[in-house]
Amino acid sequence: MKLFSGTFGVRTEAHIELVNVTPDVSRLVVKSGVREGIALVYSPHTTTALIINENESRLLSDLKGAIKDLVPWNKAYEHNLIDDNAPSHVVGAFLGGSVGLPIARGKIELGTWQSIFLVELDGPRSREIEVKIVGE
Amino acid sequence: MKLFSGTFGVRTEAHIELVNVTPDVSRLVVKSGVREGIALVYSPHTTTALIINENESRLLSDLKGAIKDLVPWNKAYEHNLIDDNAPSHVVGAFLGGSVGLPIARGKIELGTWQSIFLVELDGPRSREIEVKIVGE
Amino acid sequence: MKLFSGTFGVRTEAHIELVNVTPDVSRLVVKSGVREGIALVYSPHTTTALIINENESRLLSDLKGAIKDLVPWNKAYEHNLIDDNAPSHVVGAFLGGSVGLPIARGKIELGTWQSIFLVELDGPRSREIEVKIVGE
Chain S
3 MKLFSGTFGV RTEAHIELVN VTPDVSRLVV KSGVREGIAL VYSPHTTTAL
53 IINENESRLL SDLKGAIKDL VPWNKAYEHN LIDDNAPSHV VGAFLGGSVG
103 LPIARGKIEL GTWQSIFLVE LDGPRSREIE VKIVGE
Chain X
3 MKLFSGTFGV RTEAHIELVN VTPDVSRLVV KSGVREGIAL VYSPHTTTAL
53 IINENESRLL SDLKGAIKDL VPWNKAYEHN LIDDNAPSHV VGAFLGGSVG
103 LPIARGKIEL GTWQSIFLVE LDGPRSREIE VKIVGE
Chain W
3 MKLFSGTFGV RTEAHIELVN VTPDVSRLVV KSGVREGIAL VYSPHTTTAL
53 IINENESRLL SDLKGAIKDL VPWNKAYEHN LIDDNAPSHV VGAFLGGSVG
103 LPIARGKIEL GTWQSIFLVE LDGPRSREIE VKIVGE
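Protein chains in written order, with this note's numbering: chain S, 3 to 138; chain X, 3 to 138; chain W, 3 to 138.
Mixed in with the good hints there might be a few duds.
A short, non-exhaustive set of chain S residues, derived as facing chain W with CB atoms under 10 Å [to be verified]:
id : residue
1  : Leu-5
2  : Ser-7
3  : Val-21
4  : Asn-22
5  : Pro-25
6  : Pro-46
7  : Thr-49
8  : Ile-53
9  : Asn-57
10 : Leu-83
11 : Gly-94
12 : Glu-132
13 : Val-133
14 : Lys-134
15 : Ile-135
In short, the hints are calculated from the structure, not lab data. From the three backbone atoms N, C-alpha and C, an ideal C-beta is built for every residue, glycine too.
Please take these sequences and the hints and turn them into a complete structure.
Pasting the structure below:
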């Protein structure tokens, strides 16, 4: 049984953005040498999320719209007195900042239509994502 | 330390449906022979989710209602020009397509009132769910 | 490769409440002796959730408000005929009852602004949270 740790950086370019990080995670899975196991992709940030869905441009636009509709963005949040990004935190907490992934035959066992997205909720920023892999 | 991989199929019968998959996951945990560990139940589909809650018929009806209320289903989503199921994707991304579970004494350590549900969001369809178990 | 299991109790004091459980999880990680690995923090309850975000009092108030706004709390839910807590179940299912965490150098590898919160959705109650750690 092996344990592997890796990280990768993402430079986001908009306030709200979905960045396909599948190639970054895949690269680390290959580097780990793990053939069968579990990967944890983890964002150490409080205004991002990680989701898995289809990499289709119109759907990504719909997802961005739905994220904006999930909470009101112009409300008088209390946290905004300190840092003007309360709804970014709220959506990050609701969507969740990590995904667990199965690994099989040395690859992430994603479904045909699945990609992994970092959801930027308070960009543009530089983000650093952690990957832990356990397996053999 | 052992590693186990298994899958099970689910035939869903409605557009939106909650299917109790606890027996399917339990069977694989027993088959794995793992006594203590962690299981990852993972859906490789982009219009499903996995959730854990109480298997009480009226609550399942409430959950189905709340899922329908989480996003508008009749909006002019852009993705609908390609495939008429954008809100199914959005809800799948929001709810999340995997659950992590503790295993103790050879069983999933679910709480008294907990069951595992596959949430079908674009059925009826045939779904294949993956289970990875690490432990001893 | 080691496997560690632990639990900790939380006494909640309000109907809806966010309790910072980072010290409880950290203590178990230290106790496990695991230096590098993955932790699963799991709530066996159906009216709680686990989230990760910033431990800032005004933000916690905003998060509590957003949780109350995620679903209507005074609707005629069917489950309320049995037990008057349907929206607590719904929000628990939506937010999710577990978090996966990376462990590095003997500590949870949380980001600078991250803390782990048990979200009580039907308190006050006594809750028991499970932690599974795999690593070396």
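Hints versus structure:
| no. | hint | in the structure |
| --- | --- | --- |
| 1 | Leu-5 | holds (6 Å) |
| 2 | Ser-7 | holds (6 Å) |
| 3 | Val-21 | violated (18 Å) |
| 4 | Asn-22 | violated (21 Å) |
| 5 | Pro-25 | violated (21 Å) |
| 6 | Pro-46 | holds (3 Å) |
| 7 | Thr-49 | holds (9 Å) |
| 8 | Ile-53 | violated (12 Å) |
| 9 | Asn-57 | violated (23 Å) |
| 10 | Leu-83 | holds (7 Å) |
| 11 | Gly-94 | holds (7 Å) |
| 12 | Glu-132 | holds (5 Å) |
| 13 | Val-133 | holds (8 Å) |
| 14 | Lys-134 | holds (5 Å) |
| 15 | Ile-135 | holds (9 Å) |
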